[in-house]
Each structure stands twice: as C-alpha cells, then as structure tokens.
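Protein chains in written order, with the numbering used here: chain A, 7 to 170; chain B, 255 to 358; chain C, 63 to 453.
Since the hints were derived computationally from the structure, they do not count as laboratory data. We treat Cβ as the ideally placed atom computed from N, Cα and C, and that holds for glycine. Among the clues, some could well be false.
[To be verified] Under 8 Å between C-beta atoms, here's a sample of chain A residues computed to sit facing chain B:
no.	residue
1	39
2	124
3	155
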Amino acid sequence: MNPFVVLSFVAVAAVTIGGGLGVVLARTVFASGLFLILSFIGVAGIYVLLEAPFLAATQVLVYVGAVAVLILFAIMLTRRVMSGSTQDNRMNNQWIAAALVALLLFALLVGTTFQQWNLSQDSPPPDSVAQLGAAFLGPYILPFEIVSVLLLAALIGAIVIARE
Amino acid sequence: MPSIPLQWYLIVAAALFCIGLYGALVRRNAVAILMGVELMLNAVNINLVAFWRYITPTNMNGQVFAIFIIALAAAEAAVGLALFIAIYRTRDTVNVEEINLLKF
Amino acid sequence: MVDYFAQFMPGWAAALLWFVLYAVILLVFALVNMLFITWVERKVIGRMQDRIGANRAGPFGLFQPVADMVKILTKEDITPTAANRVIYNLGPLVVVPPAILVFAVLPFSASITGVDLNIGLLFIFAVAGTATLGILIAGWGSNNKYSLVGAMRAVAQMVSYEVPQLLSIVGVVMIAGTLSMQGIVAKQAQLGWFVLLQPIAFIVFLIAAMAEVNRTPFDLPEAESEIIAGHHTEYSGLKFGMFYLAEYMSVLFVSALAATVFLGGYQIPFVPVGNVINNFLGPFVLIGKTYLFIFLTIWLRGTLPRVRVDHLMAFAWKALVPICLMNIFLVALIAPFISVTAANSPALAAPVAIVSMLVANAIMFVIIYLVIQSIVRRDRARVAEGTVPAR
C-alpha cells in the first residue's frame, strides 16, 4: 500500500467521523452545524480518494456551499432571541436506547463487510466527467428530468411554506 | 487497483451512518435532527461511490445515483428548513417534543 | 517544470517541490497584487472625486498600502467579552482560504497552471461558494446585531448572485464543451473570445461577480450608513486585515476569471497559443486584462450609489436569472451547429460562431429591451393612477 494514500485516507476519515461525532455531541446547535461542515468536507476528501473529482466538487458546492449555509441560516432564524444566545441542544431521555441501536447497527454493518467482494481490476475512464454527462442524458434521462422538476417543486414549496 | 481496501470505506460509511442515526434519534432540536439525516445520506453516498470505484468503475451508475441523492438531499433540506421556520413562527419553538398539536 | 526538477531528484520529490514553489509564488503574487489594488483604488477613486489620492508615502504614494498594513498589524486585537471566543476567531480563518485556493486552477500561460483540473470551473465555484460560511460564522460569533444583520444580508446576496454567476458561465461551458480552464482558453483561440460569442452573458457575469465579492453598487453587507461595517464590525487588527485581504483577493480573482473566460486569458490577439511570444508574455497579458476589470469595478464604485435590499434581490431573481436561462436556451440551439462546423471546416468555425452568436444575442437583447420597457410602462401607469407607491 502506498503510505501517502493510506495517510490521506486516515486523515479524511478522521475528519469525517470526527465531524460527525461533533455534530451529535456539541453543546450548541450552531457548533453542531460547524462540525457538520467539517464532516461534509471530509466526505468530499473521500470522493477525491475514490477518484470521483466531479462528485467531490459537487459535494463542496451543494453541501458546504448551500445546504450547510441554509442550516446555519435556519439556526439563526429559529433561535430564542430573548433567552440569550445558547440554544436548546439537549438530548431526549431515550439516548441509551438510541446509542444501543446505533452500536448494534454499526456491528451489523461492519459484520456484512467481511466477505469476498467481486472486485473489478479496471480503473475509471480518464474522461469520467464526460461519461457522467453522457449517462445523465442517455440511460438516466427520465430520472434526470424528474429530479429537475422535483427541485423546482422544492424551490416553490420552500418559498410558499416559509412565507408569512 | 487502488491501494486501500474497499472494506475501510465501508466501515467509515457505516460509522458515519450510525452517528447520524444516533443524532437523529436523540436530538430535540428539529434542525439538529435534520443534521443527523444529512449525515446518514452522506454515509450512503460514500458507499455508492466506493462500490462504483471498486466493482464497476467503467460504468457511471454509482456516481449517477450519488448525484441524484445529493439533489434530493438539497431539496429535502430546503423544504425541511422552511417547515421549521414556519413552525417557529407559529409555535415559537423548534423543539420536536413541544410540537405536539396533533397529539392528545 | 516538473521534468526539469526530475533530472536531479525522484519524481515525487520533483512534483512536491514544484507544487510548493508554485504555491509560494502564487501567494506572493496574490498578496502583492492585492496591496497594489488598494493603492490603485485610492488613486482612481481620488481622481474621480477630484482629489489627488494617496501621495505621502513614497513616490505617488506607492508605499501607502505598506503603511496601511503596518497600521493594521499593530492595532489592538480585541475579542468582545460577549462574543463566543472560538467561533469569533474562526471567522477570519474560514474567510481567507477560499480566496487563495481558487488561484490554483487559473492558467497564466499554456504551460503555467497550478493544476489543470478537468473540472476547473466547477472547482472555482465550489470553493468560492464556501466564502459565505466565513461571513456567516463571523456574523454569528461577534454576538452583535449589526454583525448578524450584515451576515444575513451577505449570505442572502451571495447565495442569490451565485445562481446568475453560474448560469452565465453555463453558456460558455456548452460552447467550449469542457470545464477545464486551459480547455476554455484553447477553445477561445479557435472560436474567438467568448466576449464576442456571449456578450449578454458577459455583462450578467460582471454584475453577478461584482455582487458576489460585495463591491460597491452591491456592498449592502457592509453598508456603513446602515449597519456600521456588517459582519466585520467587531473585528480589529489582524483579524480585520484578514477580511480585507479576502475581499481584495476575491476582487483580483474574479477579474482574472472574467479575463480568462471571456477575454481569452493569456492570449495575445492574432498570435497562436503555442507561440514562444505568447508563452513568455502570457502572464503579463493576463495581468493586464485583469487590471482592466479591476479598473472597471473601481469605476463603478466611483459612479453608482448603493442599491436597496429588495431591489438587489429582485434584480438577481427577476432579471438576471431569466436572462441567463434564455441565453442557455439559445446556446443549446446554436452550439451543436458550431461544433459541427468546427469539426468539418475548422477555418469557418470562428466566423460562423461569432456571427450566429451575435445574431442570437441581438435577438435576445431586443426581447429583453421590450420586456423591460413594457414593465416600466405598466409601473409608471400604476404609479400615475396612484394604485401603488413609487419604487
């Protein structure tokens, strides 16, 4: 194994998991939001390691640039103005059960990964971005169009719902 | 052949998914629950892209699905946050335990 | 360059050395230009306002930016007691990296690029989009109502204007058929500069870019007369300097991007891209074109008053976005025709592309003009009736 690649994998995995843990353990919702951004950036790094640069850029563009900003914006708009800046970010009383469920699921998922995968020896085509575009406008044209309609519906719906 | 075993990616994705699940289950703030859901969606995407890279790298299906999920997650976040803002306006809270108008 | 270093050391060391060297050169380049822009701005604005501008420090006041820098660095570094210390200090740290990172994919000549990613343009927009986060964090961490209002305005504005900025480039990408910066420049050598092919998209891009970097007609996030200084109200000393740095670096980069995408980048007109003259003079030509746009932004700052918040948002969503969508539609109709011509008779490609796109843009301009005219007439009639107040 190439030590540089392993090192970068460990780094991005640590950022991803650490960010995720920060999201669920942070004391204020705003801090959770910041850790969420860290986790998104880590996931973008994983995409780079997986040789999917287009997806990495999309991840940063959509998640870090838009979804995270939207979430931070929502946190600002839904804070209790009169009761100071710290927000209610407590856990509810089922955290033991939730932790148990999460741990069991993790054990189950890890258990399923111990098997002989049918690995391919190929590497991605050099013009993977062009092939991705061809796939979108070829076999996946119908889902592609439906997603565009869905995004339009979400846009209009969000405006209608959030309007006073 | 990439130098990192496929399994490592799957374990990272599983960990992220379970962290997100825990967050979505225990949080009381609706926005924080949404953050947990976003983490879970990201974990699924890692899996899709990892399988694409290791099993069908010449076929773009895995990346196509990942991009569909990103688009859906963006739409979901927009509508969800709009709902929370609307609820906050009428109920003055986004604590899901206090949003119980339909519950006797 | 990597090949040159590879004579003396193993391949990975050569690549590493070249990347580090290039990063340092780029950083120094961006910093020096940023300081120079502040001087240019003072001088040009001074002349426009019938003043002389900075003239004390050094010849023509050229050392004024250095004096400013020393002043900023020696000021007291204040953290407000009510602010959230960690988040407050995180703000400036998040604002600067995106402003510097984007330079990595900018081509300075046919052989000088940091990395010629095949998703170069997407990388630029993805990274530049994260600058919003720093502003949001700064506004929240300051725990000051003006900071928060400024940050919210900034985010609303930047998210809104990102849409027309991206859409105005989509036409270019469709004609060029690539997202790589080098590829786009090479395509302009073949078809003619995109300012000729996409004049309306070019103007939309300039407006949106100006809003994206919070320059004066759109500097609401830091409108002094309304909200003191917006998100950086509470920052002083070095931390304020970071915001200042990021702002001027973004201006520099957006100008360089406009020069690269619409004005042919490092090309000299009528000199082939591979030519030795072009390779040697390329970076200087690019810098010259960049300063053209920087002068334009300063000129606009000296000319136009600040727009109102609701006008700002309405302008992005009701004017720029529809124009961009119309442009994309027209390009989708014409681009296949251009690429077929380019494949069959390369000599004809440039004239065909320029003429067809100019005709399409002229038609589009007429449509836009008529629509705007009818809206203005309707509004005037309503105001005259007294049914709606003047806006």
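| query | Among all the numbered hints in the text so far, which are the ones the structure does not match? | reply | 3
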